[in-house]
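Asks: Here is how the chains run, residue by residue.
2 protein chains.
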Amino acid sequence: MPTTTVPHRLYLREDEIPTAWYNLRADMPEQPDPMLTPDGQIVQEEMLYPIFAKALAHQEMDATDRWIDIPGEVLDIYKVYRPSPLCRAYDLEKALDTPARIYYKFEGNNTSGSHKLNSAVAQAYYAKAEGLTGLSTETGAGQWGTALAEAAQYFGLPLIVYMVKVSYEQKPFRRAVMETFDAKVFASPSDTTEVGRRILAADPNNSGSLGTAISEAIEVAVSTPGYRYVLGSVLNQVLLHQSIIGLESKIALEQLGEYPDIIVGCAGGGSNLGGLIAPFMQDKLTGKADPRILAVEPASCPSLTRGRYAYDFADAGHMTPLAKMYTLGSGFKPSANHAGGLRYHGMSPILSKLYHDGRMEARSYEQTAVFDAAKKFAKVETILPAPESAHAIKGAIDEALACKETGEEKVILFGLTGTGYFDLAAYDQYNNHTMTDYIPTDEDLEASLSLLPQIG
Amino acid sequence: MPTTTVPHRLYLREDEIPTAWYNLRADMPEQPDPMLTPDGQIVQEEMLYPIFAKALAHQEMDATDRWIDIPGEVLDIYKVYRPSPLCRAYDLEKALDTPARIYYKFEGNNTSGSHKLNSAVAQAYYAKAEGLTGLSTETGAGQWGTALAEAAQYFGLPLIVYMVKVSYEQKPFRRAVMETFDAKVFASPSDTTEVGRRILAADPNNSGSLGTAISEAIEVAVSTPGYRYVLGSVLNQVLLHQSIIGLESKIALEQLGEYPDIIVGCAGGGSNLGGLIAPFMQDKLTGKADPRILAVEPASCPSLTRGRYAYDFADAGHMTPLAKMYTLGSGFKPSANHAGGLRYHGMSPILSKLYHDGRMEARSYEQTAVFDAAKKFAKVETILPAPESAHAIKGAIDEALACKETGEEKVILFGLTGTGYFDLAAYDQYNNHTMTDYIPTDEDLEASLSLLPQIG
Numbered sequence: 001m002p003t004t005t006v007p008h009r010l011y012l013r014e015d016e017i018p019t020a021w022y023n024l025r026a027d028m029p030e031q032p033d034p035m036l037t038p039d040g041q042i043v044q045e046e047m048l049y050p051i052f053a054k055a056l057a058h059q060e061m062d063a064t065d066r067w068i069d070i071p072g073e074v075l076d077i078y079k080v081y082r083p084s085p086l087c088r089a090y091d092l093e094k095a096l097d098t099p100a101r102i103y104y105k106f107e108g109n110n111t112s113g114s115h116k117l118n119s120a121v122a123q124a125y126y127a128k129a130e131g132l133t134g135l136s137t138e139t140g141a142g143q144w145g146t147a148l149a150e151a152a153q154y155f156g157l158p159l160i161v162y163m164v165k166v167s168y169e170q171k172p173f174r175r176a177v178m179e180t181f182d183a184k185v186f187a188s189p190s191d192t193t194e195v196g197r198r199i200l201a202a203d204p205n206n207s208g209s210l211g212t213a214i215s216e217a218i219e220v221a222v223s224t225p226g227y228r229y230v231l232g233s234v235l236n237q238v239l240l241h242q243s244i245i246g247l248e249s250k251i252a253l254e255q256l257g258e259y260p261d262i263i264v265g266c267a268g269g270g271s272n273l274g275g276l277i278a279p280f281m282q283d284k285l286t287g288k289a290d291p292r293i294l295a296v297e298p299a300s301c302p303s304l305t306r307g308r309y310a311y312d313f314a315d316a317g318h319m320t321p322l323a324k325m326y327t328l329g330s331g332f333k334p335s336a337n338h339a340g341g342l343r344y345h346g347m348s349p350i351l352s353k354l355y356h357d358g359r360m361e362a363r364s365y366e367q368t369a370v371f372d373a374a375k376k377f378a379k380v381e382t383i384l385p386a387p388e389s390a391h392a393i394k395g396a397i398d399e400a401l402a403c404k405e406t407g408e409e410k411v412i413l414f415g416l417t418g419t420g421y422f423d424l425a426a427y428d429q430y431n432n433h434t435m436t437d438y439i440p441t442d443e444d445l446e447a448s449l450s451l452l453p454q455i456g
Numbered sequence: 001m002p003t004t005t006v007p008h009r010l011y012l013r014e015d016e017i018p019t020a021w022y023n024l025r026a027d028m029p030e031q032p033d034p035m036l037t038p039d040g041q042i043v044q045e046e047m048l049y050p051i052f053a054k055a056l057a058h059q060e061m062d063a064t065d066r067w068i069d070i071p072g073e074v075l076d077i078y079k080v081y082r083p084s085p086l087c088r089a090y091d092l093e094k095a096l097d098t099p100a101r102i103y104y105k106f107e108g109n110n111t112s113g114s115h116k117l118n119s120a121v122a123q124a125y126y127a128k129a130e131g132l133t134g135l136s137t138e139t140g141a142g143q144w145g146t147a148l149a150e151a152a153q154y155f156g157l158p159l160i161v162y163m164v165k166v167s168y169e170q171k172p173f174r175r176a177v178m179e180t181f182d183a184k185v186f187a188s189p190s191d192t193t194e195v196g197r198r199i200l201a202a203d204p205n206n207s208g209s210l211g212t213a214i215s216e217a218i219e220v221a222v223s224t225p226g227y228r229y230v231l232g233s234v235l236n237q238v239l240l241h242q243s244i245i246g247l248e249s250k251i252a253l254e255q256l257g258e259y260p261d262i263i264v265g266c267a268g269g270g271s272n273l274g275g276l277i278a279p280f281m282q283d284k285l286t287g288k289a290d291p292r293i294l295a296v297e298p299a300s301c302p303s304l305t306r307g308r309y310a311y312d313f314a315d316a317g318h319m320t321p322l323a324k325m326y327t328l329g330s331g332f333k334p335s336a337n338h339a340g341g342l343r344y345h346g347m348s349p350i351l352s353k354l355y356h357d358g359r360m361e362a363r364s365y366e367q368t369a370v371f372d373a374a375k376k377f378a379k380v381e382t383i384l385p386a387p388e389s390a391h392a393i394k395g396a397i398d399e400a401l402a403c404k405e406t407g408e409e410k411v412i413l414f415g416l417t418g419t420g421y422f423d424l425a426a427y428d429q430y431n432n433h434t435m436t437d438y439i440p441t442d443e444d445l446e447a448s449l450s451l452l453p454q455i456g
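As you go down the protein sequences, you meet chains W and B in turn. Positions 1 to 456 (our numbering) are the ones given, in order, by the first sequence. Positions 1 to 456 (our numbering) are the ones given, in order, by the second sequence.
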């Protein structure tokens with residue numbers, strides 16, 4: 001039981017915000033397998049310098065430091081929108097009639113609308129500190145692009161965003177936010193890159209893909225002096241920066257005299273899940289505690305629950321090194337009727353290793369069930385969740401209902417990564433009962449997995 | 001100077017949230033003139049019962065109680081999304097190079113995205129407590145409709161929203177949010193009311209107006225057993241509920257050892273401004289302090305700065321009683337190119353009286369200047385403001401720049417009422433340099449003012 005009265009929302013004081021990120025790899029008894037080049041050589045830090053800022057390449061590769069100081073200028077921006085609240089879901093508990101105590105860490109209260117800003121600020125800072133003069137990235141639904149646009153302009157860095165053409169056309173407001181923060185946004189494929197022009201020459205009506213957008217962004221970064229490429233998930237450096245979510249959560253829970261029995265996070269590339277669970281996984285790895293950790297993914301893009309633990313490219317265009325991870329194959333495309341994010345074919349190598357080693361569980365849900373949970377949550381907790389976040393809500397609700405069956409007063413913590421303001425076309429589908437579910441067949445998965453690189 | 005280190009965002013503890021609203025009328029030496037019927041009779045509380053819940057009709061009319069307890073169930077919901085943060089605009093101060101200390105009270109961190117929820121929750125609660133079975137309202141841009149949909153479903157009250165047809169068609173996502181909270185949303189004029197059918201018969205392509213939507217909502221409330229009508233601004237009861245904004249602000253500033261020299265709020269119907277200034281105006285009226293109070297309105301809809309202090313209808317359809325207020329005439333329509341809210345022809349009778357008595361100042365800005373300020377603010381404070389809120393930002397920036405000229409270290413407090421997630425079409429116009437300004441001519445104003453009712 002909590003040792004003090006639990007407020008609906010607990011905000012740490014500004015001086016309680018952690019001043020160092022936690023590097024999960026420092027406590028992993030076995031490290032994730034190294035990145036490889038397509039011909040099987042182990043990637044060295046220096047080989048990443050043309051793509052990433054040096055400090056970020058170092059964070060990507062170096063696994064030894066347990067704590068990494070958050071630079072003062074990053075901390076100053078964190079203080080503008082953090083700490084994020086740790087919320088006690090009293091009304092949800094009541095609606096579910098569960099003896100469980102449900103907590104969620106809400107990362108949506110900033111203009112980018114999600115946790116993505118935590119890493120965007122860090123990546124933009126390091127690029128600026130090294131004297132770089134611009135950044136490039138890709139964005140699908142637009143959450144990452146928005147966060148990075150905000151961070152880049154804060155540091156005075158020009159930003160070029162390749163936005164998947166179908167999203168560019170369907171989500172003009174996402175583009176408008178990025179442009180308000182001075183980003184240059186191109187529909188991808190575009191005529192601004194070699195790869196884009198090649199694709200358009202073959203197919204002028206190509207509607208784009210994340211893979212193509214990544215390829216365009218990397219081409220620009222590598223070919224423009226002073227530019228580097230940045231990515232909002234999957235990478236080790238991103239999980240490092242996102243550890244702020246879990247660290248704040250743990251401090252807040254400690255103040256309440258609580259420790260989670262179950263931690264639930266949605267999982268696309270892993271940026272939120274990896275950050276949320278970081279300090280709790282540390283407890284698990286060091287034997288201090290043994291909470292259950294549950295990754296929730298969409299049934300339409302089930303990398304952990306139905307993918308293969310294998311070396312694969314991080315992009316569809318095969319411009320990146322190979323990473324050992326749970327993957328559906330880099331050519332896998334979730335059905336177009338899949339409304340939310342979490343559309344990535346792979347999973348963070350750190351999380352993949354932890355899952356492979358039995359340190360966490362995974363579960364998948366179909367999207368109408370996820371929107372059921374989203375609506376149930378919105379109605380009592382007055383926050384409209386992003387569809388991605390709603391996967392975690394669904395997982396937490398099911399765990400709380402299981403407690404109702406058993407009568408156990410478990411403590412459930414889940415990550416509410418962002419708001420659904422830009423996902424109302426999907427909510428509209430759901431409200432109108434025109435939303436359908438999609439689960440890839442075994443044959444679909446076999447087809448894309450059969451194209452995995454033969455290596456590692 | 002502050003007596004303690006000022007955090008970027010100060011959240012009160014949950015147990016510091018005020019438990020009573022403050023009724024400004026209790027300290028006004030002269031009361032606003034009474035509401036009148038169209039034939040000149042003073043409106044009595046009982047005459048409002050068919051339209052408003054009784055407790056709300058009482059709050060509307062009764063001017064004697066200084067403090068009114070916030071019902072426990074309302075307070076419980078306030079605790080889900082309040083306290084809202086008092087923010088110190090360090091980065092804006094730095095960008096402006098001003099010696100002023102700028103604070104803002106940010107009300108946008110809830111699903112409705114604005115301060116409107118503060119009154120929506122109260123109005124829905126009282127309706128439920130009296131055993132009413134449904135609510136009706138109108139919405140233009142959708143902020144109020146969203147907040148009320150959220151509040152009504154929380155208390156299990158069906159809600160019918162008449163949304164101005166042009167907004168209904170241009171802002172399908174606003175509708176989708178309301179529907180997610182189970183509201184029934186009709187494009188107004190609709191075929192669900194007498195007045196709607198009459199208008200459609202005469203003009204099948206009528207694109208609607210706030211006046212028509214109000215008329216439809218009132219017709220439904222009056223003709224449906226158990227239903228009442230609710231309104232999100234202008235009314236005395238709304239200012240009462242919104243006093244929570246100012247009360248929290250004052251407590252937070254006191255903890256910092258600060259008192260504002262200037263308080264700036266945007267002014268449409270007056271719900272935010274009246275709530276923000278309430279306890280500071282009390283100090284002014286009772287001689288405890290003498291802060292400047294500045295209302296900022298759009299140059300395209302300048303009720304305080306260019307309107308007349310006179311009796312007028314609250315709606316274009318002339319179904320409401322008459323109120324003494326600053327008005328542009330109930331037939332006044334701001335130009336269609338006016339992007340933000342604040343489109344109301346009149347102003348809260350309480351604020352009108354205070355302004356008339358010289359207790360506050362008013363200023364108007366054109367919209368491109370307001371969006372300049374919005375963008376400047378967004379880039380350093382990482383919050384994308386609603387266009388309405390940006391009027392207050394512009395006012396605060398100009399006051400801070402004046403301090404730069406004089407070297408005065410003034411304390412400026414402004415109200416940031418909400419976020420601009422649903423206003424990105426306007427931001428897009430601004431970014432593309434297709435936004436234009438509009439100021440009504442003297443002839444325009446004379447024409448609508450000449451139609452004021454000849455009374456009072």
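Take these hints with a grain of salt, some might be off.
Below, in silico cross-link-like pairs of lysine to any residue (SDA-like), each with a Cα-Cα straight-line distance of 20 Å or less [said to hold, decoys possible]:
| no. | chain 1 | residue 1 | chain 2 | residue 2 |
| --- | --- | --- | --- | --- |
| 1 | W | K79 | B | T5 |
| 2 | W | K94 | B | D76 |
| 3 | W | K79 | B | G134 |
| 4 | B | K94 | W | F155 |
| 5 | B | K94 | W | E93 |
| 6 | W | K184 | B | T5 |
| 7 | B | K375 | W | P158 |
| 8 | W | K376 | W | E93 |
| 9 | B | K54 | B | G134 |
| 10 | W | K128 | B | G134 |
| 11 | B | K79 | W | R9 |
Only some residues are given here: those of chain W computed to face chain B with a beta carbon under 7 Å [stated by the list, open to error]:
| no. | residue |
| --- | --- |
| 12 | V80 |
| 13 | Q153 |
| 14 | K184 |
| 15 | L384 |
| 16 | Y427 |
Keep in mind that the hints were calculated from the coordinates and are not lab data. Cβ coordinates follow ideal geometry from the N, Cα and C atoms, glycine included.
Asks: Could you run down the list of hints and mark each one as holding or not?
Replies: Now for the hints, and whether the structure bears them out:
no.: 1; hint: W:K79 / B:T5; result: holds, 13 Å
no.: 2; hint: W:K94 / B:D76; result: holds, 13 Å
no.: 3; hint: W:K79 / B:G134; result: violated, 43 Å
no.: 4; hint: B:K94 / W:F155; result: holds, 14 Å
no.: 5; hint: B:K94 / W:E93; result: violated, 44 Å
no.: 6; hint: W:K184 / B:T5; result: violated, 38 Å
no.: 7; hint: B:K375 / W:P158; result: holds, 16 Å
no.: 8; hint: W:K376 / W:E93; result: holds, 11 Å
no.: 9; hint: B:K54 / B:G134; result: holds, 14 Å
no.: 10; hint: W:K128 / B:G134; result: violated, 56 Å
no.: 11; hint: B:K79 / W:R9; result: holds, 8 Å
no.: 12; hint: V80; result: holds, 5 Å
no.: 13; hint: Q153; result: holds, 6 Å
no.: 14; hint: K184; result: violated, 12 Å
no.: 15; hint: L384; result: holds, 5 Å
no.: 16; hint: Y427; result: holds, 5 Å
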